[in-house]
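Each chain, letter by letter, is given below.
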Amino acid sequence: MTTTTTTQPPQLDEVRADTATDKRRLQRKELWRNRGLLLPAVIFLVLLTQIPFLTTIGFSLTKWNLLYPNDRAFAGFDNYMSALTSGDLWPSIVATVLITAFSVVMALLFGLLFAILLDRQFHGRALARTLMITPFLIMPAAAALIWKYSMFDTNIGMLNWLFRTLHLPVVSWSTEHPMMTVVIVLTWQFTPFMMLILLAGLQGQDRGILEAAQVDGAGAWRTFTWITLPHLRMYIEIGVLLGSVIILQVFDPIAILTKGTGGTKTLAYLLYERAFIGLDVGQAAAYGVVTVVLTIIVATIALKSVFKVFMAGGSR
Amino acid sequence: MLANKRMIALGTGAVAVAMTVTACSSGAVQSGGGSTGGAGAPITLKVATVNNGQMKDMEKLKSEYEKANPGVTVNFQVMEEGDLRAAVTADVASGAGQYDIVTIGAYETPQWGANGWLVDLTPALQSDSSYDVNDLLPPVRAVNTYDNKLYAVPFYGESSILMYNKEVLDKAGVKIGSNPTWQEVADAAKKVKTADMAGICMRGKPGWGDLFAPLTTVVQTFGGSWYDSNWKATVDTPEWKQAVGFYKQMLDDSGEKDPVSYSFNECLTALKEGKAAMWADASVAASMLEASDSPVKGKMGYAHMPVDKTKESGWLWSWNLAVPASTKQKDAAIKFVKWATSKDYIKLVGNKIGWSNVPPGSRTSTYSIPEYKDAAKAYAPITLDVMSSVNPKQPGVNPQPWVGIQYVSIPEFQDVGNQCAQLVADYLANRGTIDDALGKCQSIAQAAGDKHKS
Numbered sequence: 001m002t003t004t005t006t007t008q009p010p011q012l013d014e015v016r017a018d019t020a021t022d023k024r025r026l027q028r029k030e031l032w033r034n035r036g037l038l039l040p041a042v043i044f045l046v047l048l049t050q051i052p053f054l055t056t057i058g059f060s061l062t063k064w065n066l067l068y069p070n071d072r073a074f075a076g077f078d079n080y081m082s083a084l085t086s087g088d089l090w091p092s093i094v095a096t097v098l099i100t101a102f103s104v105v106m107a108l109l110f111g112l113l114f115a116i117l118l119d120r121q122f123h124g125r126a127l128a129r130t131l132m133i134t135p136f137l138i139m140p141a142a143a144a145l146i147w148k149y150s151m152f153d154t155n156i157g158m159l160n161w162l163f164r165t166l167h168l169p170v171v172s173w174s175t176e177h178p179m180m181t182v183v184i185v186l187t188w189q190f191t192p193f194m195m196l197i198l199l200a201g202l203q204g205q206d207r208g209i210l211e212a213a214q215v216d217g218a219g220a221w222r223t224f225t226w227i228t229l230p231h232l233r234m235y236i237e238i239g240v241l242l243g244s245v246i247i248l249q250v251f252d253p254i255a256i257l258t259k260g261t262g263g264t265k266t267l268a269y270l271l272y273e274r275a276f277i278g279l280d281v282g283q284a285a286a287y288g289v290v291t292v293v294l295t296i297i298v299a300t301i302a303l304k305s306v307f308k309v310f311m312a313g314g315s316r
Numbered sequence: 001m002l003a004n005k006r007m008i009a010l011g012t013g014a015v016a017v018a019m020t021v022t023a024c025s026s027g028a029v030q031s032g033g034g035s036t037g038g039a040g041a042p043i044t045l046k047v048a049t050v051n052n053g054q055m056k057d058m059e060k061l062k063s064e065y066e067k068a069n070p071g072v073t074v075n076f077q078v079m080e081e082g083d084l085r086a087a088v089t090a091d092v093a094s095g096a097g098q099y100d101i102v103t104i105g106a107y108e109t110p111q112w113g114a115n116g117w118l119v120d121l122t123p124a125l126q127s128d129s130s131y132d133v134n135d136l137l138p139p140v141r142a143v144n145t146y147d148n149k150l151y152a153v154p155f156y157g158e159s160s161i162l163m164y165n166k167e168v169l170d171k172a173g174v175k176i177g178s179n180p181t182w183q184e185v186a187d188a189a190k191k192v193k194t195a196d197m198a199g200i201c202m203r204g205k206p207g208w209g210d211l212f213a214p215l216t217t218v219v220q221t222f223g224g225s226w227y228d229s230n231w232k233a234t235v236d237t238p239e240w241k242q243a244v245g246f247y248k249q250m251l252d253d254s255g256e257k258d259p260v261s262y263s264f265n266e267c268l269t270a271l272k273e274g275k276a277a278m279w280a281d282a283s284v285a286a287s288m289l290e291a292s293d294s295p296v297k298g299k300m301g302y303a304h305m306p307v308d309k310t311k312e313s314g315w316l317w318s319w320n321l322a323v324p325a326s327t328k329q330k331d332a333a334i335k336f337v338k339w340a341t342s343k344d345y346i347k348l349v350g351n352k353i354g355w356s357n358v359p360p361g362s363r364t365s366t367y368s369i370p371e372y373k374d375a376a377k378a379y380a381p382i383t384l385d386v387m388s389s390v391n392p393k394q395p396g397v398n399p400q401p402w403v404g405i406q407y408v409s410i411p412e413f414q415d416v417g418n419q420c421a422q423l424v425a426d427y428l429a430n431r432g433t434i435d436d437a438l439g440k441c442q443s444i445a446q447a448a449g450d451k452h453k454s
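If you read the sequences in order, they're chains A and B. When you line the first sequence up against full-length UniProt numbering, it's residues 1 to 316, in that order. When you line the second sequence up against full-length UniProt numbering, it's residues 1 to 454, in that order.
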C-alpha cells in the first residue's frame, strides 16, 4: 500500500502534510484506528475459541462424571493417563486416518472425473452441474439415513436390489464392510466439493497453451498428464487439505450406520461416546485435548506445505 | 419456522391469559386453575420425550390439555432413545433446568431418585383418590420405586414376547406353543426361512438398549447374569458363552442378513413387509403389527418370550414421566404428569386416536376396558399375563443385587453395555472371537462393578 502511494504523483493534500514526524504520527494513529476496528472481532474470536479451550483443559484435570454429580475433585493427569492407556486412542487414530484418507482420495478421483466431464461444452451443462453439486448440500445426517435405508438395506436397498438382479450375493454392508460403508457415503458427499475446486482449476486453464499443445501434436492423454495435471496440482492440494479438515471431524455416518463398530470409531465418535454415553466429562475433555494437540501437529505440517503452494503458485 | 411457532405459541398464550383474566374477574373459579395458572401468568411446560408412537400421540393430544388448562402451553421435544437419554441426563445432572417433564426409562428412575434429581411424586399421587395410584401394574411400579418413593409414573410399560407370522409357520408345518424354548424357536426359524424371508429377526445394532436388551434376557434364561450378588462380573462364564454363541448361531442360520443395522424399527418393518417370519422383541410391537395399516394384521401369533432354564424370560421396561428437581414449575408439571398417566387419558386416546393405540402396560384397569379388550384381543391377554409374571427382583437363575431385568441399574451400565455391545457386534460380524469379546467385556464390567462393592 505504501509503495503504491509513493509511486503515484503527489496530490494536493499530501503535499500540504508537513514533516516526517507528523506523517509517522498520523500513520500510528491510523494503525491504532485500524486495530480498534478489528478489536471487537478479535475479542469475539478469543472469547469464542480460547475460553472454551481453557475450560476444556480445566475439565480434563478434573474428576467429573455426570453420573456422580457429588464426586467432583481435582484429578491431576489421571484422565490423560486413562485416555492414553485405555487402548481406545490408537485404534481410533487409525480409524480416523484411514477413513479420512480413503474418503479424500476417492472423492478426489471422482471429483476429477466429473470436473473433466463438466468442463466440456454440452447441452444442459448448467443443469448437470447443479445436480452434481446436490450431494454436498444435503445435511450429513440426512445423507447417512438415505444411504442406510434406500441404498444399503438388505431388503429394500437399491444396491442389493441391483445385486439380486445381477444374481450376485446380497451384501450386508454395515455388518460385513463397515469401513467401506462409511467411506462410500463420505465419498458420495465430498465428490462435489472436490469437483467444484477442480472445475475452477480447469476453467482457469489457458486455452492458448492447450491449443499450442495440440499444434505440437500432443494427444489428449499427453495434454492431460503433462499440462492439465501440473496446472491442477495446486487445486488438488487445496482440495485435499480442506477435504481432510472437514472429513477428519465427521460424525453422522458413523453414528447412523456402524455405531463405531468394525474399526470405524473415529476420534470424533470416541469423544461423543466418552462424553454422552460414558458421561465422563473429565475423560472426554482429556480426549478432546489430546485430539487438539494431534491436530495442531498435523495441521502445522499441512499448513506449511499449503503456504508453499501459495508462494510457489505463480511458477506452476 | 421455529421462530414462527414460538410466535404462535406466544400469541395463543396471550389469548389464554386474557381468557383467564376475564374468567377470574367474572368470578368463575376453575378447577385447579389456581395452582397451575398462578396469577394467570402463562406457563410453558417443556417435555422431553422419546419418538415412540404412544409419545407422539401424547403430543397430538396436548391441545386437549391446553384447552382444559388455559394459560398452559405444552412444548414437546421428541428425540430418538439414545439422544433423549444423553440430552436428558446431561440436563438433569447439571441442573440446567431445560425440561419440566422428562421421559425416562425404568433403568434411570431408581438411580436418579437416589441422586435427588427427581421430585418425589408419592404425596401428590396418593392424595388424589381419583388418580388411583394402586391401579398401576405392580412390577412396573416396583421398578420405578426407590426407597419406597415413586419417582416416576409409567406412561406405558412393556415386556418382551415372541411374535410370529402364523400363515408362514402354518405353511411350513411349524407349531409354536405358548411357552416355547429357545431351541424350539431356533429350529422353527431354520425351517421357515426362505431365500427372501429371514426365519427370525433379532436386534444386532450395537447399543445397550438395542442389541443387549434381548441378548441379556437370553443370557439370563441360559443361566448367566451380569454380576453375582457381590458385584463380581460374571461375563466370562460358560453360560454367557453358550447364550451369545446361541444368539449368533441363530442369526447366522436363519436371521436377517445385516444384523448390525437392525434394531426394533428395522425388525418391525421386516415383519410387516413379510421379510421375516418371527421376532422376539418388545410386546408393544404387537399393537403396531395389529394396527389397521399393517399388512400382517390378524395374521400374527404371540407367545411368551422363549426360555431355556428359567420359567419366564420376558423383560420389563417402562417409559415413565418424571419431574426433574430443577424445574421451576413443579406444580404445573406434576399436574400434567398426572393427566398423561390417568385413566381418563387412556380413554381419551381410545376415543380420539383409536383403542389399539392406547398406551399399554401401565394400569391394570386398562385391561378391563371393553373397547380395549376388543381392539387388542390378539395380544392384550398375553401382555398382561407376561407383565404380571416376570420377576424384576430375580429374573435369572441366580440372585442379583439390583432390581431390573434387561439392565443393571448402576450408572455405569450404559457405558458397559454399550462397549460390550460393540464387542459382541464385532463377533456377530465375524471380526472377532467370542472369547475375546466376552473377555474384554468381563474386564469392562468388572471395573464398573468394583465401584459398587460394599
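No wet-lab data here; the hints were simulated from the structure. Some clues are possibly wrong.
Mimicking DSS-like on lysine-lysine, the simulated pairs with C-alpha atoms at most 27 Å apart in a straight line are [to be verified]:
#: 1; chain 1: A; residue 1: K63; chain 2: B; residue 2: K440
#: 2; chain 1: B; residue 1: K257; chain 2: B; residue 2: K272
#: 3; chain 1: B; residue 1: K175; chain 2: B; residue 2: K56
#: 4; chain 1: B; residue 1: K175; chain 2: A; residue 2: K148
#: 5; chain 1: B; residue 1: K311; chain 2: B; residue 2: K257
#: 6; chain 1: B; residue 1: K190; chain 2: B; residue 2: K335
#: 7; chain 1: A; residue 1: K148; chain 2: B; residue 2: K149
#: 8; chain 1: A; residue 1: K63; chain 2: B; residue 2: K56
#: 9; chain 1: B; residue 1: K175; chain 2: B; residue 2: K257
#: 10; chain 1: B; residue 1: K232; chain 2: A; residue 2: K148
#: 11; chain 1: B; residue 1: K149; chain 2: B; residue 2: K335
#: 12; chain 1: A; residue 1: K148; chain 2: B; residue 2: K193
#: 13; chain 1: B; residue 1: K272; chain 2: A; residue 2: K148
#: 14; chain 1: A; residue 1: K148; chain 2: B; residue 2: K453
#: 15; chain 1: A; residue 1: K63; chain 2: B; residue 2: K311
Take a look, some chain A residues computed to stay more than 12 Å from chain B by CB distance [said to hold, decoys possible]:
#: 16; residue: L45
#: 17; residue: D88
#: 18; residue: F110
#: 19; residue: M132
#: 20; residue: F152
#: 21; residue: T154
#: 22; residue: R164
#: 23; residue: V170
#: 24; residue: V171
#: 25; residue: T225
#: 26; residue: E237
#: 27; residue: L257
#: 28; residue: Y272
A virtual CB, placed ideally from N, CA and C, is assigned to each residue, including glycine.
Hints versus structure:
1. Between the alpha carbons of A:K63 and B:K440 the distance comes to roughly 24 Å, so the proposed pair stays at or under 27 Å and holds.
2. The hinted pair formed by B:K257 and B:K272 meets the criterion: a straight-line CA distance of about 16 Å does not exceed 27 Å.
3. Restraint check for B:K175 and B:K56: the C-alpha separation of about 37 Å exceeds 27 Å, so the hint is violated.
4. Proposed proximity of B:K175 and A:K148 is contradicted: the alpha carbons are some 35 Å apart, above 27 Å.
5. A hinted pair counts as satisfied when its Cα atoms are at most 27 Å apart, and B:K311 with B:K257 does not qualify at roughly 31 Å.
6. For the given pair, B:K190 sits about 51 Å from B:K335 by alpha-carbon distance, which is inconsistent with the 27 Å threshold.
7. At roughly 44 Å between alpha-carbon atoms, A:K148 and B:K149 are farther apart than 27 Å, so this suggested pair is violated.
8. For the given pair, A:K63 sits about 39 Å from B:K56 by alpha-carbon distance, which is inconsistent with the 27 Å threshold.
9. Restraint check for B:K175 and B:K257: satisfied, since their Cα atoms lie roughly 24 Å apart, inside the 27 Å limit.
10. Distance restraint check for B:K232 and A:K148: the Cα-Cα separation of roughly 39 Å exceeds the 27 Å cut-off, and the hinted pair is therefore not satisfied.
11. Taking the CA atoms of B:K149 and B:K335, the gap is near 18 Å; set against the 27 Å cutoff, the hint holds.
12. For the hint pairing A:K148 with B:K193, the CA-to-CA distance comes to about 24 Å; that is within 27 Å, so the pair holds.
13. Among the hinted pairs, B:K272 with A:K148 is consistent with the structure: their alpha-carbon atoms are about 19 Å apart, no more than 27 Å.
14. Between the alpha carbons of A:K148 and B:K453 the distance comes to roughly 43 Å, so the proposed pair goes past 27 Å and is violated.
15. A hinted pair counts as satisfied when its Cα atoms are at most 27 Å apart, and A:K63 with B:K311 does not qualify at roughly 44 Å.
16. Here A:L45 stays apart from chain B, with its beta-carbon at least about 26 Å from theirs, past the 12 Å limit.
17. Remark: the non-interface label on A:D88 conflicts with the geometry, its nearest Cβ contact in chain B lying 9 Å away (cut-off 12 Å).
18. A cut-off of 12 Å between C-beta atoms confirms that A:F110 is not in contact with chain B; the least separation is 25 Å.
19. Even its closest Cβ contact with chain B, about 29 Å, leaves A:M132 beyond 12 Å, as expected for a residue assigned away from the interface.
20. For A:F152, the requirement that its beta carbon stay farther than 12 Å from each beta carbon of chain B is not met, with the minimum near 7 Å.
21. For A:T154, the requirement that its beta carbon stay farther than 12 Å from each beta carbon of chain B is not met, with the minimum near 4 Å.
22. For A:R164, the non-interface assignment is contradicted: its Cβ lies about 9 Å from the closest Cβ of chain B, within the 12 Å cut-off.
23. The Cβ of A:V170 sits about 6 Å from the closest Cβ of chain B, inside the 12 Å cut-off, so the non-interface label is violated.
24. A cut-off of 12 Å between C-beta atoms contradicts the statement that A:V171 is not in contact with chain B; the least separation is 8 Å.
25. In this structure A:T225 is separated from chain B by more than 12 Å, as the shortest Cβ-Cβ distance comes to about 41 Å.
26. Distance to chain B confirms A:E237 as a non-interface residue, since its nearest Cβ pair spans about 36 Å, more than 12 Å.
27. In this structure A:L257 is not separated from chain B by more than 12 Å, as the shortest Cβ-Cβ distance comes to only about 7 Å.
28. Against chain B, the non-interface label of A:Y272 is violated: not every CB pair exceeds 12 Å, the least being about 9 Å.
The structure fails hints 3, 4, 5, 6, 7, 8, 10, 14, 15, 17, 20, 21, 22, 23, 24, 27, 28 (numbered hints given earlier, in ascending order).
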